[in-house]
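Residue numbers (the working numbering), protein chains in the order written: chain A, 43 to 390; chain B, 43 to 390.
Hints were generated in silico from the structure; no laboratory data involved.
All residues carry an ideal CB built from backbone N, CA and C; glycine is no exception.
Careful, some of the hints might be misleading.
As the list claims (entries may be wrong) - Rough simulated footprint, nothing fancy, chain B against chain A, three-plus residues with beta-carbon under 8 Å:
# : segment
1 : 186-192
2 : 252-264
3 : 295-301
Each chain is listed here by its residues.
2 protein chains.
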Amino acid sequence: MAEVAVLGAGYMGSAITFPLCENGHGVRLWGTWLDDGLIEAAREGAHPRLQKPLPRQLQLYDSIALEQALKGTDFIIIAVTSEGFLPVFERLLETLDRPLPLFTLTKGFVELGDEVLRVSEGATRLFKERFTTHDLQWASVGGPVKAVELSDKIPTATVFGYTGPEVAAFFSTFPTSYYRVSATRDVRGVELSSALKNVYAIGMGICDGIHKRAGVEYYHNFKAFIFNQAIREMALLIGEGRGERETVFDLAGVGDLYVTSASGRNGIFGRKVGAGGVPEEEYRRMLDADEVAEGYHTLQLLMKYIGRVGEGILEQLPLLSAIKRTVLGGENPRDELLRFAENCCSAG
Amino acid sequence: MAEVAVLGAGYMGSAITFPLCENGHGVRLWGTWLDDGLIEAAREGAHPRLQKPLPRQLQLYDSIALEQALKGTDFIIIAVTSEGFLPVFERLLETLDRPLPLFTLTKGFVELGDEVLRVSEGATRLFKERFTTHDLQWASVGGPVKAVELSDKIPTATVFGYTGPEVAAFFSTFPTSYYRVSATRDVRGVELSSALKNVYAIGMGICDGIHKRAGVEYYHNFKAFIFNQAIREMALLIGEGRGERETVFDLAGVGDLYVTSASGRNGIFGRKVGAGGVPEEEYRRMLDADEVAEGYHTLQLLMKYIGRVGEGILEQLPLLSAIKRTVLGGENPRDELLRFAENCCSAG
Chain A
43 MAEVAVLGAG
53 YMGSAITFPL
63 CENGHGVRLW
73 GTWLDDGLIE
83 AAREGAHPRL
93 QKPLPRQLQL
103 YDSIALEQAL
113 KGTDFIIIAV
123 TSEGFLPVFE
133 RLLETLDRPL
143 PLFTLTKGFV
153 ELGDEVLRVS
163 EGATRLFKER
173 FTTHDLQWAS
183 VGGPVKAVEL
193 SDKIPTATVF
203 GYTGPEVAAF
213 FSTFPTSYYR
223 VSATRDVRGV
233 ELSSALKNVY
243 AIGMGICDGI
253 HKRAGVEYYH
263 NFKAFIFNQA
273 IREMALLIGE
283 GRGERETVFD
293 LAGVGDLYVT
303 SASGRNGIFG
313 RKVGAGGVPE
323 EEYRRMLDAD
333 EVAEGYHTLQ
343 LLMKYIGRVG
353 EGILEQLPLL
363 SAIKRTVLGG
373 ENPRDELLRF
383 AENCCSAG
Chain B
43 MAEVAVLGAG
53 YMGSAITFPL
63 CENGHGVRLW
73 GTWLDDGLIE
83 AAREGAHPRL
93 QKPLPRQLQL
103 YDSIALEQAL
113 KGTDFIIIAV
123 TSEGFLPVFE
133 RLLETLDRPL
143 PLFTLTKGFV
153 ELGDEVLRVS
163 EGATRLFKER
173 FTTHDLQWAS
183 VGGPVKAVEL
193 SDKIPTATVF
203 GYTGPEVAAF
213 FSTFPTSYYR
223 VSATRDVRGV
233 ELSSALKNVY
243 AIGMGICDGI
253 HKRAGVEYYH
263 NFKAFIFNQA
273 IREMALLIGE
283 GRGERETVFD
293 LAGVGDLYVT
303 SASGRNGIFG
313 RKVGAGGVPE
323 EEYRRMLDAD
333 EVAEGYHTLQ
343 LLMKYIGRVG
353 EGILEQLPLL
363 SAIKRTVLGG
373 ENPRDELLRF
383 AENCCSAG
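One chain only, chain A, in its complex shape (with noise of 0.2 Å):
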């Protein structure tokens, strides 16, 4: 077993400690900057996200001791937000003092200078400024995993997407009877996956606020048709992006958009905006209550991303198109979608 430092005590970072310790890893959580109340309350009780205590066995670092977090550890778990992963690498990058390998629980792109990249290829970038000989031993998590839910210890299948054989190594050291593991070599699909899943969530949260708004119960076959949409449109993203559509067809893209459109912080988005409420505000409102729809960000970069593909690529993605158009360009949800389903899918 490893000596594991695990960055960032949110959601993700805290729930990833139960089955690690479980598997007498020697685990250290390190809060951020902002993390710094969780980390206080989680020394003294239960943890404010998770509702929980923490493993006991877990030995907690405030933002300040990130040093010492990392001594002695084998490999590292970077488990923020995709808005805060750029500024806790660099500081780990200050911090240590040879390559590690790394698992990253971040779902997004990063922005470096003027360019969107995929978390990896920022990651690279600047590892190799930092550590000039050595090839970044790297995996990229996907798959459905709520943390809360990890760490209630239901069942959670999850895939990562590695690069190094250092990193393998560790794969096996992962799995418990409720946390599966599965790893495969095609990073640029689990992490566009990964990031994806979350704009198209906002597709699915649009849709149940405004048949919600209109006191329209059963719309079943929509929420299947832009679920099936949302996969189909993935796919076609992923290819474009070199990466392997197989991979969109798993857990990180079917598994992980089943879940986070079933629960979670941008599905909420999603219908709040269905609903009438205006985008920007909406973020900023569930951001002061802790709570980060991540897509929305994500909807950002993802337009500039596209950029690098060509913009053409947009009249193939029609409901990326129409999310795009109610989120960011302030356009009526009900005719967006509407407009969408009328154009799609027919052979006439």
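We have chain A; now place chain B onto it with these hints.
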């Protein structure tokens, strides 16, 4: 526009008349010998299943009037359950004076002699006995279509797997703004997906039932795990049945499993079993209330169908095995589902 006879006046047969009538087809709805009460009620007012009046221009035919219903029709839509398919199809062949293009909305397997066949396999054999010099022109439905919602004009996407140019000519006359119709030549993939999703939806329901019974409210991770595994196993089975895996990853598989597990009789049946009900009793009780959980019958036939491929394949289908042992073998649902999860999806 064409003259269309729809055979079967239950949920789906009645619902499909809405877009057909809207498109200006001349539509006749024939009720089977089990549907006379439905036809009678629909003549007087609301259709008892859809709980609304059928389109005004629709012509209704009692079971004794099949010959009149078929007179001058251009194509036929068969909309009965898989258990009802063969008796209705035999009656149709006896009555037809010429071969016509056939669409079926039936999802499941049929049993001809002691052989379990896809619906179109069974239909082809019988058709060839009757019209020896003609090839069957055929389309099988797939995709997420709850009948009541279709009749409510909720946006709905469907896919037909078809063979033959005469059938293809009719597709362009099906879509409306809310009923979106796509087509594929992969009849096998569509038929197998449509049958299998009813079986796997039982598995999703079992998961609900065991957690409800245990008072556990949040288990989205497990549901997503099962949903994803269902798609994996459907893709495997469809590959074995020489269908196309891509068909599973679209409306006939992903889309339909989504809607069926969100809302449907197979999910309800699964929930009762998961909560501790005796499968056969629960099936009978639903049947007495005119609610057919088709997946129960399909599961029984699927086990025979799998015999064609070789029982050994069950080792690669751990979720199906758990459903089978629970529903047909009377094993404990919780034990079976947890054992499935503990042994699935691990890189370790």
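Now the hints, each set against the structure:
1. 186-192: Since 6 is at least three, the answer is holds.
2. 252-264: Coverage by chain B holds for the segment 252-264 of chain A (6 residues, Cβ < 8 Å).
3. 295-301: holds (count 5)
Against the hints set out earlier in the document, no violation occurs for any number.
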